[in-house]
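Student: Letter by letter, the chains look like this.
4 protein chains.
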Amino acid sequence: MSYNTFGHMFRVTTWGESHGPAIGCVIDGCPPRIPLDVSDIQPWLDRRRPGQSKFTTQRQEADQVEILSGVFEGQTTGTPISLLIRNTDQRSRDYGDIATRYRPGHADVAYDTKYGIRDYRGGGRSSARETAMRVAAGAVARKVLGAGVRIRGAMVQVGPHGIDRAQLDWDLVNANPLFCPDAQALPVWEDYLADIRKKGSSIGAVIEVVAEGVPPGLGAPIYGKLDSDLAMALMSINAVKGVEIGEGFAAASLTGEENADPMRMEDGRLRFASNHAGGVLGGISTGQPLVARFAVKPTSSILTPVPSVTREGENVDVMTKGRHDPCVGIRAVPVGEAMIACVLADHLLRHRGQVGS
Amino acid sequence: MSYNTFGHMFRVTTWGESHGPAIGCVIDGCPPRIPLDVSDIQPWLDRRRPGQSKFTTQRQEADQVEILSGVFEGQTTGTPISLLIRNTDQRSRDYGDIATRYRPGHADVAYDTKYGIRDYRGGGRSSARETAMRVAAGAVARKVLGAGVRIRGAMVQVGPHGIDRAQLDWDLVNANPLFCPDAQALPVWEDYLADIRKKGSSIGAVIEVVAEGVPPGLGAPIYGKLDSDLAMALMSINAVKGVEIGEGFAAASLTGEENADPMRMEDGRLRFASNHAGGVLGGISTGQPLVARFAVKPTSSILTPVPSVTREGENVDVMTKGRHDPCVGIRAVPVGEAMIACVLADHLLRHRGQVGS
Amino acid sequence: MSYNTFGHMFRVTTWGESHGPAIGCVIDGCPPRIPLDVSDIQPWLDRRRPGQSKFTTQRQEADQVEILSGVFEGQTTGTPISLLIRNTDQRSRDYGDIATRYRPGHADVAYDTKYGIRDYRGGGRSSARETAMRVAAGAVARKVLGAGVRIRGAMVQVGPHGIDRAQLDWDLVNANPLFCPDAQALPVWEDYLADIRKKGSSIGAVIEVVAEGVPPGLGAPIYGKLDSDLAMALMSINAVKGVEIGEGFAAASLTGEENADPMRMEDGRLRFASNHAGGVLGGISTGQPLVARFAVKPTSSILTPVPSVTREGENVDVMTKGRHDPCVGIRAVPVGEAMIACVLADHLLRHRGQVGS
Amino acid sequence: MSYNTFGHMFRVTTWGESHGPAIGCVIDGCPPRIPLDVSDIQPWLDRRRPGQSKFTTQRQEADQVEILSGVFEGQTTGTPISLLIRNTDQRSRDYGDIATRYRPGHADVAYDTKYGIRDYRGGGRSSARETAMRVAAGAVARKVLGAGVRIRGAMVQVGPHGIDRAQLDWDLVNANPLFCPDAQALPVWEDYLADIRKKGSSIGAVIEVVAEGVPPGLGAPIYGKLDSDLAMALMSINAVKGVEIGEGFAAASLTGEENADPMRMEDGRLRFASNHAGGVLGGISTGQPLVARFAVKPTSSILTPVPSVTREGENVDVMTKGRHDPCVGIRAVPVGEAMIACVLADHLLRHRGQVGS
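Protein chains in written order, with the numbering used here: chain A, 6 to 362; chain B, 6 to 362; chain C, 6 to 362; chain D, 6 to 362.
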């Protein structure tokens with residue numbers, strides 16, 4: 006069962022609500038003797054932290070992570086690693102509205118229908134705040150994978166505006182708050198998003214994550230396929246509505262000839278002439294770069310009133326004032342990277358368990 | 006761990022290779038006292054069975070299912086249900102070629118790299134033959150869900166040819182071998198696929214599955230979300246490269262206003278004015294129709310030779326003669342339905358466990 | 006996988022080392038809308054807390070539990086419940102000895118062999134301190150089970166001294182620091198343990214836990230049997246070396262006639278004339294009181310030097326000064342109760358999931 | 006969830022009823038390239054098979070195992086291994102009695118209470134016939150463990166008659182149908198059991214299993230301890246009521262001095278002077294022999310009528326004619342060995358996964 010846990014050997018359990026005293030996670034199954042301290046985790050959290058540009062919510066959280074267990078004298082011990090972040094920006098504001106009025110497109114009505122109760126403060130458990138712990142766990146997963154595996158994500162589409170793949174520049178990604186990899190697209194996106202923000206509207210996005218250096222052989226058929234686990238992991242991120250690997254949906258329009266990845270031996274090593282498959286065959290990594298994309302919907306928190314209902318069954322119109330996130334896809338970039346890191350770390354251990362190194 | 010098992014409370018474990026003596030599955034956790042016999046399962050298998058039109062492989066398998074346990078006097082007993090299908094079409098042909106030459110785009114090279122061994126006969130474990138057991142398990146899942154839940158799939162795109170949603174006719178789907186829901190698209194697809202077949206080529210497809218009557222409240226945040234489990238389940242089907250829920254990737258281009266699903270109370274019941282979300286909010290079903298789509302790549306088994314390598318590391322060119330499947334997406338329709346049935350049955354029991362009826 | 010998690014639907018993950026900043030647990034899958042606050046948990050922790058009599062270690066911990074998530078306005082929300090206890094008695098003492106010299110009978114050498122590293126301070130992860138979180142989780146499990154299920158434990162043997170079952174008085178158990186249920190045995194045990202303590206020795210014990218009001222039907226054959234899950238849970242408690250249900254090992258000497266539990270209908274209800282089975286048949290609860298016993302070994306922390314080795318492979322003799330626990334079985338009583346509560350809560354939800362209420 | 010599955014990386018799922026067409030199991034997660042054919046499994050099944058002496062039930066089953074998947078050209082492939090045994094001794098007898106009258110001490114009443122239905126023929130799912138598949142899986146587990154690990158079981162007590170440990174002779178065990186390791190005890194047991202059988206009575210037993218050559222480091226604290234997994238596995242065997250490791254319940258009467266296992270370096274290797282711990286410290290194997298014992302109750306199938314009830318709630322007296330098993334503990338010996346083999350294989354892979362070889 007996995008309500009709030011994912012992974013099998015590298016297992017991550019997260020807990021916490023947006024406006025409770027803290028959020029946290031427990032990482033179980035981490036190999037021992039891996040150097041780890043807060044400085045390995047904090048930079049990734051800083052990268053995800055909101056409030057760093059006008060394009061993300063102005064919520065201000067220090068997001069300072071503490072390691073409470075599982076590390077001794079700077080090394081993992083093989084026992085569970087407990088990470089904790091205190092919630093410091095819990096404004097003592099009136100939650101009366103959100104308590105009874107279901108925000109359209111949010112999980113409010115679904116939680117209430119399922120559980121008969123919900124912590125409505127700031128979205129409670131369904132808040133994107135939970136993704137901070139995914140990023141923290143992903144930082145640990147990167148240490149498990151080692152320096153040979155490089156996982157990088159970028160936004161590749163914002164609303165109607167995609168990138169020109171000929172311009173793709175990974176170095177640019179961390180140099181702009183939109184994780185944009187295309188120098189020509191960047192100013193277009195900035196203008197577009199500024200306009201969206203001004204209007205109190207919101208817009209969707211597509212994120213691409215590429216993992217290089219993934220050893221071949223990871224992934225376990227039939228129901229532990231690497232790509233199905235990636236799909237699960239990415240689809241579990243807030244607001245994600247689609248996931249694809251390699252050519253993804255574009256493969257539907259291709260012929261077998263167009264979609265083939267020819268193989269050749271070169272210098273005694275297997276080489277692929279192309280990577281339509283996105284690094285996975287039969288659910289198993291091939292050694293090629295792993296390529297995954299996911300679509301993030303526009304947040305429903307907009308200034309335009311949308312018809313909704315209250316907990317008591319009255320019709321109301323709901324609009325969202327205050328903190329505003331014109332494109333929640335932006336912050337999904339580091340989260341997507343982290344989820345892929347966690348899935349890969351899990352499969353690395355699973356493969357080693359069944360097959361040996 | 007879940008190498009060959011999926012689900013948590015309604016658990017399906019499949020086993021078997023394409024050309025071994027049999028394939029089978031074990032369904033564990035099925036509720037007791039559900040009427041079940043072979044006639045509940047066989048029709049779904051017949052629907053998936055290849056060789057029924059010129060558009061699918063000409064492999065001839067009776068696919069006659071046997072129930073070996075878990076059913077007594079026509080009812081499930083709560084103990085594991087073992088289902089078995091004998092492989093009857095194991096031609097005593099020479100597998101010399103496939104044994105050593107890796108078929109591009111297939112799992113051959115990946116299995117060998119991972120395990121150092123593979124049953125190469127007919128693709129072994131990675132053959133789509135395994136999906137017969139998914140369909141069988143899905144038939145049992147439908148019984149668990151009851152008549153109130155209706156799960157229907159259709160092909161909605163073949164290569165470049167989509168459907169006109171205004172023409173969507175579910176009744177048509179089972180009346181043609183392409184699971185096409187659009188009477189005007191059907192002849193276009195038939196001509197197109199006949200041509201693909203004649204050329205020894207192959208083409209991709211998109212399948213849509215809709216589940217109506219799903220009770221609200223299914224799905225468990227954060228890592229047991231209904232949509233992430235669906236993504237995992239659909240991505241695990243052979244040749245699937247993308248999965249989306251509701252608007253899916255199209256949501257990336259929408260604004261919050263466009264993507265909103267307004268809510269209103271009508272006759273004391275919550276109604277949504279639209280279903281961009283595809284029936285899921287925050288990972289929990291809302292009671293709206295569940296809408297999922299998945300993309301299937303073109304099979305790499307084509308007549309055009311593609312550069313490849315042998316097990317011993319020699320360069321070769323591989324082409325696939327014999328049985329030919331111009332569009333493996335066709336047979337994925339009943340498989341997709343079955344996977345969704347299994348995920349829903351699992352979540353029905355999980356929800357009942359945690360929350361009660 | 007379950008390194009630090011137990012349970013399936015009511016899942017408990019614990020973390021933390023004896024001398025780290027804190028210990029904690031995450032309870033996942035708890036049903037919603039169960040009234041819960043710290044006052045439901047703290048009394049059980051107080052009951053387990055060491056230092057309350059001369060018969061347990063003098064370590065002084067407030068063991069004040071905090072609820073960090075999963076509870077809103079006094080009720081569980083169905084999301085993960087995070088509990089945390091700060092470690093307040095981390096004396097800044099020199100751990101030089103214990104760091105390099107393996108305490109015989111402790112996990113020191115085993116952890117180092119397995120992981121190549123261990124947090125040696127106070128036993129680290131292998132310390133009985135971890136059991137505080139089991140007791141906390143057990144308190145939540147009791148709330149899930151409701152008032153109709155009563156779980157009570159007692160010491161029934163200390164070294165050579167058993168109890169007279171004719172004298173068994175449950176009211177006495179909580180009125181003495183030894184959880185002794187026999188007024189005549191109590192002074193004998195006190196004298197005996199005072200002597201053990203004076204000598205710097207230690208002694209084993211047997212604990213019995215009885216759960217009344219357990220609904221019939223809990224437990225899932227074949228590998229989810231109620232009694233096998235109880236055996237797992239009890240054997241996982243520090244220092245436990247044996248577990249038995251009902252007659253347990255005594256059943257080996259009984260004939261079928263002696264061990265039979267005759268059944269009769271009385272007032273329309275099924276009654277058993279005896280309870281040799283201990284409340285379980287075929288792994289499923291029968292509605293009779295569940296009776297489990299477990300044996301706790303004497304701690305190896307004694308004043309007598311015992312031959313041992315160092316991390317570097319030198320022979321040494323190790324004796325344990327300082328805090329002293331003459332009978333670790335005493336504190337195992339509330340822990341055993343808690344584990345049984347957790348297993349029962351888990352099976353209650355599992356049963357409801359598969360079979361319905 | 007684990008209704009009918011046990012293990013995490015080496016996972017065994019069993020299915021089948023005593024009088025259905027077949028029983029079987031699926032072994033998932035087995036490492037690839039292990040030589041395996043029927044001759045590796047059949048001898049262990051033959052050893053368990055009933056009807057080989059007058060001391061076990063006269064049911065005659067060939068218990069001929071078939072390998073249906075997961076093995077190719079004499080080697081495991083890493084994919085699921087499906088094993089099947091046909092039930093050949095399904096006498097077409099009248100089950101009227103057993104269908105409605107609950108056999109005391111059997112699972113009949115428990116299954117009906119839980120599920121509202123049961124396959125009553127020969128005990129259905131709760132029959133000891135299921136243990137054949139445990140033995141088959143155990144045979145595969147032994148191959149995973151390799152020749153360096155030796156797992157041997159023996160009966161060490163039958164009713165009131167124990168063995169003299171000074172006489173313990175492992176070679177004798179397989180040379181007599183009682184798995185008795187003591188040449189002087191053997192004739193006593195034979196006479197005693199002949200008498201029990203003549204009277205239509207039954208008697209309990211204690212079985213001991215010793216595993217030598219277990220690598221140190223297996224077992225994962227805190228809830229994946231080797232000894233708790235062993236306890237779960239052994240307690241899940243039909244009729245088992247108690248499990249102990251090393252000194253077990255005897256440890257309750259020992260002092261810390263008596264129970265200590267002194268350690269010394271000898272020839273550069275760690276040696277223990279004794280093995281009170283039974284090969285496990287802190288839930289982790291130490292390299293010493295693993296010693297487990299379990300108690301088996303006397304079967305309730307006896308000639309003496311015992312008060313019981315019918316499905317419809319009428320009082321009846323039930324006696325068992327026909328096939329008779331005076332001591333079900335006998336056949337539990339190979340089953341206990343098999344369960345320990347499976348647990349060790351699982352932990353070998355789990356350890357390798359987390360820590361590496």
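A portion of the hints provided could be inaccurate.
No copy is singled out in the list; a pair is fine if it fits within one copy or between any two copies.
[Said to hold, decoys possible] Okay, derived cross-link-like pairs now, EDC-like style, lysine to aspartate or glutamate, Cα gap no bigger than 16 Å in a straight line:
#1 LYS59 <-> GLU217
#2 LYS204 <-> GLU262
#3 LYS326 <-> ASP169
#4 LYS326 <-> GLU271
#5 LYS59 <-> ASP200
#6 LYS326 <-> ASP196
#7 LYS326 <-> GLU262
#8 LYS204 <-> ASP169
#9 LYS148 <-> GLU317
#10 LYS203 <-> GLU262
#11 LYS326 <-> GLU195
#12 LYS59 <-> ASP42
#13 LYS326 <-> ASP102
None of these hints come from the bench; they were simulated from the model.
Student: Indicate, hint by hint, whether the structure satisfies it.
Tutor: To see whether the hints hold, each was checked on the structure:
Taking CA atoms no more than 16 Å apart as the test, LYS59 paired with GLU217 passes in neither setting, with 32 Å inside one copy and 41 Å between copies. When the C-alpha separation of LYS204 and GLU262 is checked against a cutoff of 16 Å, the pair qualifies only between copies, where the shortest distance is 11 Å, while the shortest distance within a copy is 46 Å. Within a single copy, LYS326 and ASP169 get their C-alpha atoms no closer than 35 Å, and across copies no closer than 39 Å, so neither meets the 16 Å cut-off. Taking the closest pair of Cα atoms, LYS326 and GLU271 never come within 16 Å of each other, the shortest separation being 59 Å inside a single copy and 27 Å across copies.
With identical chains, the CA atoms of LYS59 and ASP200 are at most 16 Å apart within one copy only, with a shortest distance of 12 Å there and 54 Å across copies. Proximity of LYS326 and ASP196 under a CA criterion of 16 Å is satisfied in neither setting, with 22 Å inside one chain copy and 55 Å between copies. Taking the closest pair of Cα atoms, LYS326 and GLU262 come within 16 Å of each other only across two copies (15 Å); inside a single copy the shortest separation is 52 Å, beyond that limit. For a Cα distance limit of 16 Å, the shortest separation of LYS204 from ASP169 qualifies neither inside one copy, at 27 Å, nor across copies, at 34 Å.
With identical chains, the CA atoms of LYS148 and GLU317 are never at most 16 Å apart, being 49 Å at best within one copy and 28 Å at best between copies. With identical chains, the CA atoms of LYS203 and GLU262 are at most 16 Å apart between copies only, with a shortest distance of 14 Å across copies and 47 Å within one. Proximity of LYS326 to GLU195 under the C-alpha cut-off of 16 Å is found in neither arrangement, the shortest distances being 22 Å within a copy and 53 Å between copies. In this assembly of identical chains, LYS59 and ASP42 lie within 16 Å of each other by CA distance neither inside one copy nor across copies; the values are 31 Å within and 40 Å between.
Taking CA atoms no more than 16 Å apart as the test, LYS326 paired with ASP102 passes inside one copy only; the shortest distance there is 11 Å, against 61 Å between copies.
Of the hints listed earlier, those the structure fails to meet are numbers 1, 3, 4, 6, 8, 9, 11, 12, in rising order.
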